[in-house]
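Asker: Each chain, written out:
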Amino acid sequence: MKPRNRELLALIPAALLLTAGLTAVFVQQSNRLSTGALVYGAVFLGLCLAGHIFIRIALPDADPYIFPLVAVLACFGLVMIYTIAGTTYARQQAQWFVIGLLLLGLTVVICRDYRKLEEYRYLIMIVSLVLLVLPRVPGLGEQVNGAYLAIKLPGIAFQPTEFAKIGLVVFLASYLRDNRQALASGRKVLGYRVPPLKQLGPVLLLWGMAMVLLILLHDIGSSLMFYGGLLAVLYVATNRGSFVLVGTIAFAVGSWYLATHIAHIDYRVEAWLHPFRQSLYDAPLGSFQLANAQFTMAQGGLFGQGFGQALLTIPGGHLPYLPAAQTDMIFAVIVSELGLYGGGGLLICYLLLVWRGFKTATLARDSFSKLMATGLSAIVALQVFVIVGGVTRVIPLTGVTLPFVSYGGSSILANFVLVALLLLVSDRARRQVQA
Amino acid sequence: MNRSISRLFVVVLLLFAVLILFTSRWTVINRGSLQANSLNKIDSYASLKIKRGEILSADGKVLARSKAAKGSTWTRHYPFGPLFAQAIGYAIPDQSNEIGLEQYRNDALSGHLQTGLSSVFGSLHSATAGDDVSTNLSYKAQAQARSLLTARGYVGSVVAIVPQTGAVKVLYSSPSYNDNDLNNACKHESSSECSQFFTALEGRYPPGSTFKVVTATAALDSGKYTPDSEINAPGVLTVAGKPLHNDLAGDLGERTLTYALTNSINTVFAQVGLKVGGATMQKYMQRFGFYSTPSLDYPADEMTASGPRTSAGSLLPMTSPKVDLGRTAIGQANLLVTPLQMAEVAATVANGGVLMQPRLTSQVVNQDGQVVQRIKPAVYDRVMSSTTASDLTQMMRDVVEEGTGQAAQLDGLNVAGKTGTATVSEVGDLDDAWFIGFAPVKNPKIAVAVELSDIPDGYGGKYAAPIAAQVMKTLLAEGQ
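Top to bottom, those sequences are chains A and B. Position 317 (the first sequence) corresponds to 427 in this note's numbering; numbering is contiguous. Position 66 (the second sequence) corresponds to 155 in this note's numbering; numbering is contiguous.
For reference, chain A alone in the conformation it holds in the complex (with noise of 0.2 angstroms):
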């Protein structure tokens, strides 16, 4: 079978899950059933479709699992945010999700050979630290929980990290495709073989930003996210498992001396460690939201409550029982409602869309094709760890985005972004191979 037509097939249980998870909602909220869930399906399908019909035309060999399995986590994402926060954020989502295709489009055309990227490494890189940058930036910033991850310009707050972090990998890999030669090699140190300073610098340059971003973001999982993702390019490009471990050896000292010194991080940290414990349950900015994550995934248990089951306000007012449910913590509510197996599953689609991204980079012919599909599979991957595990208590928690399923603008766009990127790699790399 043609790869386009078996992208046709696999979407077509994405539109399957939007209908049937939406008229499970509807039949829980007002005990009937409504045509409202059929026209929500047909709508989503149609976009489906018109994305689809775009890479048929523009991305003939693109690899056919990666736009179905962002079509079933967006579809997902959209049954989720429906059922926490109603018809406007849903709508709202809706639209981020045409404005996210478009700028798929958009990228494919003006990014249509994308080596050319290479040309602006060095302004990518600058933009993406200025992104980086912004939210800190006083009168524009806003720190939310206690991090600064968003700008707020008037109408419209924006996040600017997850755009960040496409340029850097992008960066990265163009940096290394130059310098990984030279990087592995070098002299040899106590038995050590130490690369040459003139191409370790910007590589510790990058740990350095992390622990910068650590102390300005006060944030150690995007941080985490950021630091991982450059060094499972750096891994990549070398084939040195002693740059990962020095450098994750590097990141952990780093995080401890800085969690134990600024009193932001260390709070989280304690909620990480003790979210039970009942001053820090009362504390402002203390464990009330984590702990009442552990409590909301409990009720789940293997098979969840059903849609739109999990508590999310107290009642007789309108404060949050779990604040940030649709953006933050929409895995602890995805598992509340679906279970263990609900939130497995998603794990799994998240798991096989980061498994075509490392396959899209395996079948590359170039290096920099290679690091670039490499690091924004690894990125997303990480994304996930990172808020999943904050959520599950693996790590502390860090407010960044389920990739494709948390509401919120900047984050569909920019993943588009990146999917965007990840079908040019795969239609150049199957097209080579095809040859």
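Hints in this document: simulated from the structure, not taken from any laboratory. A quick note: this is a predicted structure, and the numbers were derived from the prediction, not measured. Idealized CB from N, CA, C, for every residue including glycine. You may find that some hints are simply not true.
What the hints assert, rightly or not - Covered stretches of chain B, going by a simulated chain A footprint (3 or more residues, C-beta under 8 angstroms):
1) 135-144
2) 355-369
3) 383-391
Unchecked claim - Not close to chain B: a few residues of chain A, all C-beta gaps over 10 angstroms, as computed:
4) Asp171
5) Asn289
6) Leu368
The hints should help you fit chain B onto chain A, whose structure is shown.
Answerer: Okay, now just chain B, sitting in the frame of chain A:
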């Protein structure tokens, strides 16, 4: 590079395995402990959104209803306040705190009896409203009991039971409290005007001569005596080394058991108790429900068992050397009972010797008007033969017609009963005034117990019997 990419994917696999492991930890492995965590308020929050069912009286009055509050939650309102506060208790949904019938029927009231449509994704239809609970309580008789008690400032209880079914028609203790204002309940008032302690079920009082009905049951049913057995009735009898007097002065000579009950002769019943013996007394008391928490549909920890108790409060068997058998047989010494227990004694005689389990609830009805649960009458025990019961009925009829209980006579009312005047304190001559009885004598329809605490010179026949008669008259007029 491709090998590194494969290794990297293995790392991603491991990371995701950790995520799934931790998700399993919270959803399955540690689920129980998370749900038991004291910080976990999900269940109590969820119950706030459920419209708790109504509690209704037998004559259709709403005794408890849910009122809409802000944010689609509900609060509890009790239209009659103190009148039914103790009988049905109260519920504070946001504290998961329920008392009395509200607690006992919590599953029905909060909708947990309902079985809705469900699927593998959990229930598709969650309960939003609980079921209504209908009680056997009579609003009219309960209100009358309250006004009769409060008019004279009595501290006491009135309990009325349908002998054949155990249906509780009146369950009232004074003082009561306002269950609509729990924060201020009994704060500003002295304890004699306000109390959350439900004396009808939890109070421990000496039953006085009303207990002679139990002693007479043991005496007749064991075959040791007949109503016509003649017993010497001296003015003073030495029991357990101390003199025991009668209310009637002087040596009365040989008297029948019927005469002794009619005129409440202590010296006769002390001898009867001693002759019957502790073991037999205990057997009959247990059949009457003594020594056990009452079988009422009410939380067990809000009721108390009747029987002789040590000064520390633990129950003593009748065979114990610490029990003054002679004085216990006349309802004194360390015998302590609840008003409910004495109402059950009267109901047993009225029902031909069979004790029915007392029941506050008649049925549970869902929001669609369907009866979800019907509480059927259930036998507690056959206490005595029907012959013994009819003998006792005749003897108790004599009490009201020509003995100590004549104040229970009302026009058109055919009452059998027994008075009690239990000495509580020799200082100030405070007595517990009692009356237990039933009506009509032939085919009885209602049995009552009235207990009034700390009445100076409180003869049961004078103070308690008229109240019992009034309440019975009201209930009989209602068709009971």
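Asker: Indicate, hint by hint, whether the structure satisfies it.
Answerer: Okay, the hints, checked on the actual structure:
A count of 3 residues in the region 135-144 of chain B with a Cβ less than 8 angstroms from any Cβ of chain A is obtained; the coverage claim is therefore met, three being the minimum. A stretch counts as covered by a chain when three or more of its residues have a beta carbon under 8 angstroms from one of that chain; for the region 355-369 of chain B and chain A the count is 0, and the coverage is violated. With a cut-off of 8 angstroms between beta carbons, the region 383-391 of chain B has 0 residues touching chain A; three or more are needed, and the interface restraint is violated. Distance check on A/Asp171: its Cβ is at least 19 angstroms (rounded) from any Cβ of chain B, clearing the 10 angstroms threshold; non-interface status holds.
Non-interface call for A/Asn289 relative to chain B: holds, since the shortest CB-CB distance, roughly 15 angstroms, exceeds 10 angstroms. At the 10 angstroms boundary, the C-beta of A/Leu368 stays outside the reach of chain B, the nearest C-beta of that chain being 23 angstroms off.
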